[in-house]
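Peer 1: Chains D and X, in that order, are what the protein sequence lines are. The numbering of the first sequence is our numbering, which starts it at 80 and goes up by one. The numbering of the second sequence is our numbering, which starts it at 782 and goes up by one.
Just so you know, not all the hints are guaranteed correct.
With the Cβ distance kept under 7 Å, some of the chain D side facing chain X (calculated, not the full set) [as the list claims (entries may be wrong)]:
#1 150
#2 165
#3 192
#4 194
#5 346
The calculated label-pair distances, taken between Cβ atoms and stated as ranges, are [unchecked claim]:
#6 X:1031 with D:123: 35 to 41 Å
#7 X:996 with D:193: 31 to 37 Å
#8 X:1020 with D:141: 54 to 60 Å
#9 D:99 with X:999: 31 to 37 Å
#10 X:1108 with D:100: 43 to 49 Å
#11 D:341 with X:1109: 56 to 62 Å
#12 X:839 with D:95: 33 to 39 Å
#13 X:825 with D:193: 18 to 24 Å
#14 D:175 with X:1006: 43 to 49 Å
#15 D:123 with X:1006: 46 to 52 Å
#16 D:379 with X:968: 39 to 45 Å
#17 X:831 with D:143: 54 to 60 Å
Chain D is faced by these chain X residues, among others (derived, beta-carbon under 8 Å) [unchecked claim]:
#18 809
#19 831
#20 844
#21 857
#22 990
#23 994
#24 996
#25 997
#26 1119
FYI, nobody ran anything at the bench for these hints, they're computed from the structure. Computed from a predicted model, the values in this text were never measured in an experiment. Positions of the beta carbon are idealized from the N, C-alpha and C atoms, including for glycine.
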Amino acid sequence: MNEPLFNGAGRDCGKPLLRPGNTNCGGCGMSLGLQMLRRALGNHQIQMVIPACCAAVAAGSYPYSAIGAPVVLSTFASSAAVASGLANVARLNDEPTRVICWAGDGGSYDIGLATLSAAAERNEDILYICYDNEIYGNTGGQRSSATPIGAVTTNTGGGKVEQKKDLLAIMAAHGIPYAATVSIAHPDDCLRKLRTALDTRGFRFLHLLAPCPTGWKSEPAQGVELVRLAVQCGLFPVVEIVGGDQLSINVEPDFSATALERYLALQGRFRKAALDPSQLQTAIARHWRGLRLRAAVNDASHATH
Amino acid sequence: MKTELLSANHAAALAAARAGQANRFGRGFCSGVYPITPSTECMELLCAQPIDKGHLVRVEGEHSAMAVCIGAAAGGARSFTASSSNGLAYMAENVIAAGLMRLPVVMLAVNRTLGPPWNIWADHGDSLLLRDSGWLQFYCLDNQEVFDSILMAYRIGEDPNILLPAMVCQDAFVLSHTMAQTAIASQEQVDRFLPPLQLPHRLGAEPRVVGSMASPHQTAVHRRQHHEAMGRVFAVHAQAQEEFANIFGRRPADPVVPYRLEDAEVVLLAMGTLASTVERAVDAARERGIRAGALRVKMFRPFPAELLRQNLAGKRRIAVLDRNISLGFGGVLWGELRGYTDPQALVQNYILGIGGGDVQPELIEGLIQEMRQRKEVEAPILLEVEP
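Please work from the sequences and hints to get the whole structure.
Peer 2: Below you can see the structure in the form of structure tokens.
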């Protein structure tokens, strides 16, 4: 049976944003993210800024480009600042162009964080999408501050000992108009959020978990399944935060231990560290207590109005 | 033309504001700004200027200041920023990116000694650190030249045969905070001198990559084209000088400026305000019957090799005064100049005014005497200027 995806939106996506001939690995979560973004674009004219990351390499070598949009390939830490320049020039010229940063976790969580924070603080008219493969994929797979505890990387041979940084909370703390996590395993929610982010003005931040078969030592065909499991067990909360404080939970996990165990078992990167799932479950429970509190405040404030 | 009593920082800000306003019929003006002593006042005044279709982005560091300029220029806008010393060093990665993307950004570099030790005074080590970034570099003599050079920098950098960013360099405090009567061009004049920027590779609606990856061969092709564009600067500069003179009524300085050079037996070379001190010392020596002369290098990138060769033909005693030091080598100007003097010439490098040391004309007069008696060349001599 061939049901049209996304209520039919999947059929009408025009020219691809990620063209054939790109150099991404098979099963790359970021590739799927770009396809989803294309489906969400509709008639929006876009300009993209891609800092050093796998997506920059995927674009391919001059004079060709696998990205079907105008792009500046920026220096590693600079995407949000380069985008600030482009977005202001578009505004000065009354152009409705959406300027989109498409950056990895290294360029967002680590080297580009000050620039990202400053652009958010200024509420620049930018859609910033962090595709998070939890690793410096482009350089062969080193740890970043987005790498989860227990994951073996090429410079944390015994598994990373620190917890993953909560970038969504950091971004929401700037009070930006819209911040959300998107799951490639939940295409309707993903598409809705991309469209909301494209239709909102001011600084918008989206966090997309992007499975990396090469770095995660997982089967390329199982990327969507891995994200589904990460959402199901509560490890990757699917939420959105409007105005910095109105938090909604968009997908309710069942917090099942089997989902978490299967998520870990499907990836070679967790094998060596012999991570105790109960350790992760404690962290998940603590994180969700915080999310529930903020969501409850949101519900309460709706109830009183 | 109206003159105003202005510091060079403020003169630069007004030049940038006029240039920005002149692009209101193009894609406007947008810049990233960030403070550092002693360039801060330039951006402060620029932020207070009304510019139609203009916007300044107050960023979190110099690296991002240049990144905003890159985005703005890639979008087709005119762009400007200012920085100094460690700020330029922090910005360096994006300075290089702007150069290699062939984006005609203009930057005021207020020359300040790199730290540590922390020191806010003038030497040229900061902008010379960026000599290989693919930007044009002009070193200014006075406040008027700062104002004029910023307009010239846009005119040359935006020329369709050039398309390169340009750094206008001025000495910390000696110019940046010193007020002088400065002729400020009217907007109507600047509009005539600077037509709207037409960037052929600007980002529009169609798929295109600015700053693409490239193979070794394509990279070599890009470098060759960039290098050839540098070579075309001399002709475009000469043309811009004539247009400038027609519109503003004064002719900007040549890339290399001789001073009482014709019969000089001792020639001194310098850049920036040091060249002004040298000219006073040359005058004093001439009064005592010593045939001294000077050569000021205003344009350092592209390097005016042929002009230097012509001016130095037949000169036998040449002192190169560097307000910088490439540690483990010597003065940067000296290093680059050596290949363009006569083989018989005695070329001595003096490094002085490091860390903003106050170089007085008497010190230079002493060097003129020393050069007359000099029998052989020594390794570069670093003179410590006593307070």
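Peer 1: Run every hint past the structure and note whether it holds.
Peer 2: Taking the hints in turn, this is what the structure says about them:
1. At a threshold of 7 Å, the smallest CB-CB gap from residue 150 of chain D to chain X is about 5 Å, leaving the interface hint in force.
2. Below 7 Å, beta-carbon pairs count as interface contacts, and residue 165 of chain D has one with chain X at about 4 Å; its hint therefore holds.
3. Given hint, residue 192 of chain D at the interface with chain X, is violated; its Cβ is 10 Å from that chain's nearest Cβ, farther than 7 Å.
4. With a cut of 7 Å, the hint placing residue 194 of chain D at the interface with chain X holds, because the nearest CB-to-CB distance is about 5 Å.
5. For residue 346 of chain D, the shortest C-beta to C-beta distance to chain X is roughly 30 Å, which exceeds 7 Å, and the interface hint is violated.
6. With their beta carbons about 50 Å apart, residue 1031 of chain X and residue 123 of chain D fall outside the hinted range of 35 to 41 Å.
7. The supplied range of 31 to 37 Å is met by residue 996 of chain X and residue 193 of chain D, whose beta-carbon atoms lie about 33 Å from each other.
8. Between residue 1020 of chain X and residue 141 of chain D the C-beta distance comes to about 31 Å, which lies outside the given range of 54 to 60 Å.
9. The supplied range of 31 to 37 Å is broken by residue 99 of chain D and residue 999 of chain X, whose beta-carbon atoms lie about 21 Å from each other.
10. Between residue 1108 of chain X and residue 100 of chain D the C-beta distance comes to about 48 Å, which sits within the given range of 43 to 49 Å.
11. Judged by the Cβ atoms, the range 56 to 62 Å given for residue 341 of chain D and residue 1109 of chain X holds: they are separated by roughly 60 Å.
12. A hinted range of 33 to 39 Å holds for the C-beta pair residue 839 of chain X and residue 95 of chain D, which are about 38 Å apart.
13. The hinted window of 18 to 24 Å between residue 825 of chain X and residue 193 of chain D holds, with their beta carbons roughly 23 Å apart.
14. Between residue 175 of chain D and residue 1006 of chain X the Cβ separation comes to about 34 Å, which falls outside the hinted range of 43 to 49 Å.
15. With their beta carbons about 34 Å apart, residue 123 of chain D and residue 1006 of chain X fall outside the hinted range of 46 to 52 Å.
16. At about 57 Å, the beta-carbon gap between residue 379 of chain D and residue 968 of chain X misses the expected band of 39 to 45 Å.
17. In this structure the supplied range 54 to 60 Å is violated for residue 831 of chain X paired with residue 143 of chain D, their Cβ-Cβ distance being about 44 Å.
18. At a threshold of 8 Å, the smallest CB-CB gap from residue 809 of chain X to chain D is about 4 Å, leaving the interface hint in force.
19. Violation of the interface hint for residue 831 of chain X is found here, the shortest Cβ-Cβ separation to chain D being roughly 14 Å, above the 8 Å cut-off.
20. For residue 844 of chain X, the interface hint holds, the least distance from its beta-carbon to any beta-carbon of chain D being 6 Å, beneath 8 Å.
21. Here the hint on residue 857 of chain X is kept, as its CB sits about 7 Å from the closest CB of chain D, short of 8 Å.
22. Hint status for residue 990 of chain X relative to chain D: holds, with the closest Cβ pair at about 5 Å, below 8 Å.
23. A distance limit of 8 Å between C-beta atoms decides the matter here; for residue 994 of chain X the minimum to chain D is near 5 Å, and the interface restraint holds.
24. With 8 Å as the threshold, the beta carbon of residue 996 of chain X comes within range of chain D, its nearest partner Cβ sitting at about 6 Å, so the hint holds.
25. Because the closest C-beta pair between residue 997 of chain X and chain D is about 10 Å apart, greater than 8 Å, the hint is violated.
26. With a cut of 8 Å, the hint placing residue 1119 of chain X at the interface with chain D is violated, because the nearest CB-to-CB distance is about 35 Å.
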